[in-house]
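As they're listed, the protein sequences go chains S and C. Numbered by my numbering, the letters in the first sequence go through residues 1 to 764 in order. Numbered by my numbering, the letters in the second sequence go through residues 1 to 764 in order.
Just so you know, the hints here were simulated from the structure itself, not pulled from any lab data. Among the clues, some could well be false.
For chains that are exact copies, the list does not tell them apart, and a pair is met inside one copy or across any two.
[Said to hold, decoys possible] In silico SDA-like links for lysine to any residue, alpha-carbon gap of 20 Å or less:
no., residue 1, residue 2
1, 695, 491
2, 370, 215
3, 369, 459
4, 458, 529
5, 609, 638
6, 370, 556
7, 529, 457
8, 369, 551
Number of protein chains: 2
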Amino acid sequence: MSTETGWDIIENSFSEEQLVTTGSNFMIGNGYMGYRGTFDEWEADRFVACIVTDTWDQSEGSRWSELCNVPNGLFTQLYVGEELLSAFEGSTQQYHRALDMKYGLNKRKISWLSNAGGHTDLEVEKFASLSNHHLLVMRYELAARQYETYKLRTGIDGRVWSINGEHFKSYDSYEKDELLVMELHTCELNTLVVIAEGVKISGPQAVSSAIVEEDKRILREYVFELEQNQTVVIEKVVSITHDNELKNPLDSGIKYVTEGLEQGYEQLKSEHQLKWDAFWDVSDIRISGNEEAQILARFNIYQSFIATPTHENLPVGARGLSCQVYQGAAFWDQETFNLPMFVFTHPHIARRLVAYRHDTLDGARRKAKKLGYYGAFYAWTSGKTGDELFPDYFFTDVLSGRPIRNHFNCWQIHISPDVVYGIWLYYEATQDWDFMLQYGAEVIFEVAQFLVSRVHFKKDKNRYEIIRLLGPDEYHENVDNNAYTNYLSQFSLEKAVLIYGQLALNEPEILSRLMDITGITPQSVEEWKEIAELLYLPQPDPRTHVIEQFDGYFDLEDVRPDEVRQRLINSEEYWGWPNGVAVATQVLKQADVIQLLALMDSFPKNVLKANYEYYEPRTEHGSSLSPSVHALVASKTNHPEEAYRYFMEASTIDLYNASKKVMSGGSFLGGIHTAAAGGVWLVIIYGFAGFELLKDGAKFQPALPESWESLSFELVVKECRIQIELTTNDISVTSHSSNKKEIEIELADGLRFVKPGEVYTSAL
Amino acid sequence: MSTETGWDIIENSFSEEQLVTTGSNFMIGNGYMGYRGTFDEWEADRFVACIVTDTWDQSEGSRWSELCNVPNGLFTQLYVGEELLSAFEGSTQQYHRALDMKYGLNKRKISWLSNAGGHTDLEVEKFASLSNHHLLVMRYELAARQYETYKLRTGIDGRVWSINGEHFKSYDSYEKDELLVMELHTCELNTLVVIAEGVKISGPQAVSSAIVEEDKRILREYVFELEQNQTVVIEKVVSITHDNELKNPLDSGIKYVTEGLEQGYEQLKSEHQLKWDAFWDVSDIRISGNEEAQILARFNIYQSFIATPTHENLPVGARGLSCQVYQGAAFWDQETFNLPMFVFTHPHIARRLVAYRHDTLDGARRKAKKLGYYGAFYAWTSGKTGDELFPDYFFTDVLSGRPIRNHFNCWQIHISPDVVYGIWLYYEATQDWDFMLQYGAEVIFEVAQFLVSRVHFKKDKNRYEIIRLLGPDEYHENVDNNAYTNYLSQFSLEKAVLIYGQLALNEPEILSRLMDITGITPQSVEEWKEIAELLYLPQPDPRTHVIEQFDGYFDLEDVRPDEVRQRLINSEEYWGWPNGVAVATQVLKQADVIQLLALMDSFPKNVLKANYEYYEPRTEHGSSLSPSVHALVASKTNHPEEAYRYFMEASTIDLYNASKKVMSGGSFLGGIHTAAAGGVWLVIIYGFAGFELLKDGAKFQPALPESWESLSFELVVKECRIQIELTTNDISVTSHSSNKKEIEIELADGLRFVKPGEVYTSAL
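Let the hints inform the model, and build the full structure from the sequences given.
The structure is reproduced here in C-alpha cells:
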C-alpha cells in the first residue's frame, strides 16, 4: 500500500488472502450505512456488504439481534465477450484500488485483458453520500481498447451474506419509472427496507437492454458493441431507506434516486465533498516528518467518522458499519474510546451519542429490573432500544465444544458508570447545560440508583463494596472491588449528587419532574452521598504505588503472557472465564488500572508510572482496546518508545491487518476495530500532545514522538475552537477568531487567558 | 453374601472384581486404626491397608496431607510345597469369608488344593482390639490333610500402597527380644511410627526358622513338615504406635505386644468382646420382619463406630479409616451425619468429636485470617490441626485434562455454622454445660465473629446477605443467599447471643476470659443480634411453599437429571463448576433445602412436603450423603415407598457396592462412605421412628416401613436411657431403671413424664 497525497491509501496489487481486510479498509460510509470496499462484480462469498444502522433484527433461530446487510444496489458485472471481468480471471494490468479519505471515495482503475485477448479499461468511483445519507453513488466507466461486445449486468443483488442467518423474509422486486426497486421485510420485526436503483448512461447506446429477475435479484442487462477507444459511463444512484427512520421509505427512496439522477454524479459528489471539507476542517490531524503516521492518523479518524451515526441518536458499533460482527451495537467503547474525539471536534455529533444513552434509558431500566436491581443498568451490547443484546453464552470452549456462560452482560457493570463518564465528558467540555437538563441528569440519577441497588455495605469495615464484577479485563470474571469499576462508580455517584444540587438550586421544576420520573427522593441523594463517601477505592500501595486491580489480584500467580500462552492446549482457546489459562494468573486481557488512569486525571505521576510499569508486562492485549490506552499512559509516564510502539499497534490493527483474528473456521471475524480507531485519536491528543481539559480551558504537556517534526490539530473546548501547533521546540495555541470568549490555556510557560484571534506560544 | 446370625456377613465365593469393595466391607477397626478385610497373603496391589488416625503427613510433591497406611504386621504367606496358597492359584474349596459385626472379627476359612494335589485347611480370625486400640490380633490355623511341607512367611510388610506417594522416608527393621520391629519416620513431619510384631506358635515345631529382611520387609520364615491332620496355630499380636499419641511409641509397642502374647489370643479376644458388648448394648437396632434391613442397619452402625476415634479428640474421616481417600479428615458430614448417632447413644464419644472442633479452633482462625476474615472459618477438610487440607484444585476437567479450581475450601462456608449445629445438638441432648464452658462457647463465639466478617448488608433492602457461596449442593458454586447456609448461619448467631447471655448471667469470669481470648466485646453481641435479626432467609413461596435454594435458582433451566446426563460428552465429567452440565440447570447434586429441613424442626409439614416434592425429582444424588436425607424427609412427608427406596440406597452404598465409582483409571476410589453409614441411623431414628428432641425429652411420630414387623432401639436423651419398641400397632418407650430422673415423652397419645423403670405405650 502507498499514498500519494497523504489522504489516500493506494493498493497496487490484489491479494485474495487479504480480501476480508481490504473490504473493510477500503470501505466507504456515512454513519448511516457502511459499504465495504469490495469490487463491483463480487457477491456474498467475497463479503460484499452494505450494513445499515437502525435495522436491528434477529434472524430465526439466532441469539443475535444484529444490523441487516442489505441488498447490494451497486452490483455490476461486466462480461467482455463471454468472460466476466474479474480479478480472478483474465489478466489485470495497472491494478489500482484507492481510498480517498479526504472525500470518502472508493476508486478502482484497471486495465483488463480477457483470455480471448480483449482489452478493456475500467474506472470506478463510488461514495456513500454525506449530503443525503440514504444514497450510494457510483460512476462506472468502461473503455474498449479494441472493438468488443460487452454485456453489462447491473442492478440489485439480494443474495447477500449474513453471519447469523437470513434477515429478510420477503424480497419483492420490480421496475418502476425506470428505477429498479427491491422491497424487503425483516424476519423478526417486519421492518421494511427499500433499495431503489437508477442509472444514467452516457456514450454509445446499448444494442439491447432488458430487465432480468433472478432469485433475490433484479438486474438490468445491457449489451454494448464498442469500437476501439469508445467509452461508456454508467452513473448509478442507489437509495437505501427503511421505515425505522422514514414513514414512507419507498416513496422517499424513489424520490432520492430520481432527484439524484437529475443532479448527476458530479453534482452529487460536489455536495458530498463540501460536507467532508467541513468535517476535516476541524478534525484533521497534520503530522510532518512521518508520512506513515500521517496516513494512519487520518485512516483512523476517517473510520471513526464513517462508523458514527450523525443523522439520529444511534450507537457507534464496535465494528462500526463494516460488518455484522458485534451487532452494530454500542459497548462501553463508545464512551471511553469513540466519544472523546467528537466531544472535542464535533460536539453536535457527540451530543447525539450521549443523547442515545438517554433514548435507551428504558432498556437500561428493564435490564436492571430483570436482574433484580433498579435504576439503569446499561446493556453491554446496546442497539436501538438499549435492551441487552449480549447473549448469556458467548464464547465456546474449543476443547469441549460446549458454550461458555460468560457474564459480560450481567457482571460488567462498569458500563453504567462509563455512560455517566461520557455524559460528564461531554458536559464538561461543552458546558451544554441544556443537554444536562434534557438528557444527562435523568441518566446520571438512574445510574446512581442502580449503584445503590448494586453495592453492598460491609458494616465491620464501614465501607461499601461492589461484589462479583467483571472489569474491562475480561479474563478475570467474578472479582470483587475491581478498581476501575469502583472508581468510576464513585465518580458517577458524585456527579449525581452534584447535578441534583444544581437542579435543586436552579431548576426546581425540572428536578421535580425528574424525581417523578425516576422515583428518587431527597433520601436517595443522601444514599448517593454516603456511598460515594464510603465506597472502597483500592489505594496505591504506600510502598510500590501500585493499585490492585481487584481484591486478591496480587495473590494470583505472577507470570507473563508468553508463559501462559504456552499452557494453551488449543491456540483458539479463550484465556478467561471460567477455566482458561489466564484465570488464576496476573495475566490480563487489558489492564483495568491503566484504563482507569487514562480516564482520570486525579492520580499523581508517580502512581501512573508505577502502575504502568507493573501492569504493562502482565498485559496480553487480547482486546483491540488495550494498545491505545497503553500508548497514552506510556506517553504520559516517559516511556516514549513503548508509547510509539503501542501507538503503531493501535493504529495499524486494521490497515496492516494486525488484528489477532480475521477469519476463524470459515467465519467472518473481520471489520474495523472502531474503538482502536477512536483510541488513536486519544493517543495523539491526550498522549503525544498531552491534552488535559481544565475547568475553563485546556492544558498541554506534549511528548512528541521522536520521528515527528510537527503535529497540528484543532479542538473545540468550552465552545472555543483552538488550533494547536506543536514542533520539537515549542507549542502554540491559537484561539480561533470566531470564538466568542477568551479561553484559559496552560502550557509549560504557565497559564494564560487567550483572546479570540490570539496565539499563545510556549517553549516545551 | 448371606448372614447366619443377623450379626455376620458371609461371603461364599470370591470375586476378584469386587476386591476393592470387599476389602472395605469386611474391614475391622477400632477408631484408631482401620484394617482392611483383605487376605493374609496379599500385598499392596490388592489394597491391603492399615490406616492409622492422627498420622497426617504430606508426601513429597503431593498436595494432599493424608493419613498413613502403615506396614502390614499381619502379613502372612503360606507356601504349600512350592506353591503360594492364594485365591488366584490352585483350587479353593469351601470358601468362607465373614465379618462378625457383633465383635468386630474378620474370619476366613478355606480348604485349599495345590496344583500338586496338597490339601490344606486354613482358618484365620483377626480383630483390631477395642480394649487396647494399638493392637491387631490374629489367629492363623493351618491343618494338613496329608503329609505336606509348608513354608510360612509372616512378619511386617512395609511395601504398602499410598495413593499420593510415599509417606515414609525411613524404614528401620530389626529383631528385638523375639519381636520384629519396624520403625518408620514420615516424610513431612518426621512422625515416628512403630510396628512391633510377635508370634506364639502351637502345634508341631518348625523344622527350621529364620528372620529374613527384604526391602521394606522383615519376616519370619518357618518350615513345617506336617503329617496328615496335624495342625499348627500361629497367634500374632501386632502393635501400631506413633509419637503423635505416645511419648515413646517403641517401648509402648513392645510392651503391648509382649503383654498381649502373654495373655494369648483368647484372653485378648474376650476383653475385646466385652467392649463390643458394651457398645451394642446401647447401639443395636433390632428389626424384625426384614433380615436384610436388620443386617444393613448393623453394618452401617458397625462401620460408623469403627471409623470414629474414641481415644482422643480426632475427626471422623469421610471414608473413616477404610483408605486414604478424603484424607482421613472431617468434613461437614461429621456434624450432620455422624455425630447424631453418638450424641444419642454414646454421648462421651460425641463429646470427643465436638471437642475436636475446639481443639482445631486455631486452624479455623488461621483459615479465616488467610482469606481476609476473622473469627473461625472451619476447614472444609479438617485433619489434626484444623488447617485447611483441601487443595485449591480438586476435580480435573476430563475433557481438557486441566485442573478445575473448585471453591469447596473457600465458598462452602456452611461448615462453620454446621460445627455450631453439632455443638448445639450435643449440648441440647446432653445438657453438658461444662462442655459448653470448656469448649462450646468459644467455638460458637468465633463462628459468630466469622459470620460478622463474612456477611454483607444491603442497605436498600435493610437486610444482610451472604454472597458467593457453595452449598451442600456442589454443582452450583458462586451463588448468593443459599438457603441452607443462611438459615444455619442465623441459627449460629442466635446461639452465640444466647450463650453470651447465659455466661454473662452465670459465669462472668469465664465470659471475661473468653472475651479476652476471642476479642469479642458487648458490641460484637449487638452485631450478632442485628445480623441474626436482619439476615435474609429465603421464605417458602406463599403459593407453592417451596423455598428457593439460592437467589435465581428458579430461573435456571428446569430439567431432570436424566436429561442432563445425556449432555455429558464423557461419563466421567464433573457436573458442576465451572462449566459442567448441571451448572445452568436446576439439577442438584444434593438438595440443600431438603438437607435444611432435615436438620431444622421449625418448618411446618406442608413446607416439608412441598419442598420434598419439588426438589426430589431434580436431585441427581451425586453425593453419597443425599439418599439418606431424602429417605428421612420422604418418611416425614408421607412418601413411604420413596423413603424405603432411599433408605436402601443409603444403606447399601458400600455393602452392595452401589457407589457410583470404585475405581477410576487405576486409582483407588473405594472405601466406606462414612456419612452414608451415619445417615442410615438418621433415617431409622429420625425418619422411621420419627424421633424429635424436645426441650425435656423426646417425641416419636413413627412411620414404620411396610415390611418391618417391629423396630427397637435405645437412645440416651437428656441423660436418660430410653428403650423404644415399635410395632405396626403401637409404640412403647421404657425409661431405663438406672435413670436418675423422669423424662418427657410425646407419643400419639400425648405427652407424659415417664419415671425410671416405667413404660409408656401408645397406639400409633
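To see whether the hints hold, each was checked on the structure:
Only within a single protomer do residue 695 and residue 491 lie at most 20 Å apart by alpha-carbon distance; the minimum there is 17 Å, versus 56 Å between protomers. For the identical chains of this complex, residue 370 and residue 215 are neighbours neither inside a copy (43 Å) nor across copies (69 Å), given an alpha-carbon limit of 20 Å. For a Cα distance limit of 20 Å, the shortest separation of residue 369 from residue 459 across copies, 18 Å, qualifies, whereas the shortest one inside one copy, 26 Å, does not. Taking identical chains as interchangeable, the C-alpha atoms of residue 458 and residue 529 lie at most 20 Å apart whether they share a chain (17 Å) or sit on different chains (16 Å).
For the identical chains of this complex, residue 609 and residue 638 are intra-copy neighbours only, at 8 Å inside a copy versus 70 Å across copies, given an alpha-carbon limit of 20 Å. Taking the closest pair of Cα atoms, residue 370 and residue 556 come within 20 Å of each other only across two copies (14 Å); inside a single copy the shortest separation is 33 Å, beyond that limit. In this assembly of identical chains, the alpha carbons of residue 529 and residue 457 lie at most 20 Å apart whether taken from the same copy (14 Å) or from different copies (17 Å). Taking the shortest alpha-carbon separations for residue 369 and residue 551, only the inter-copy value of 15 Å comes in at or below 20 Å, while the best intra-copy value is 28 Å.
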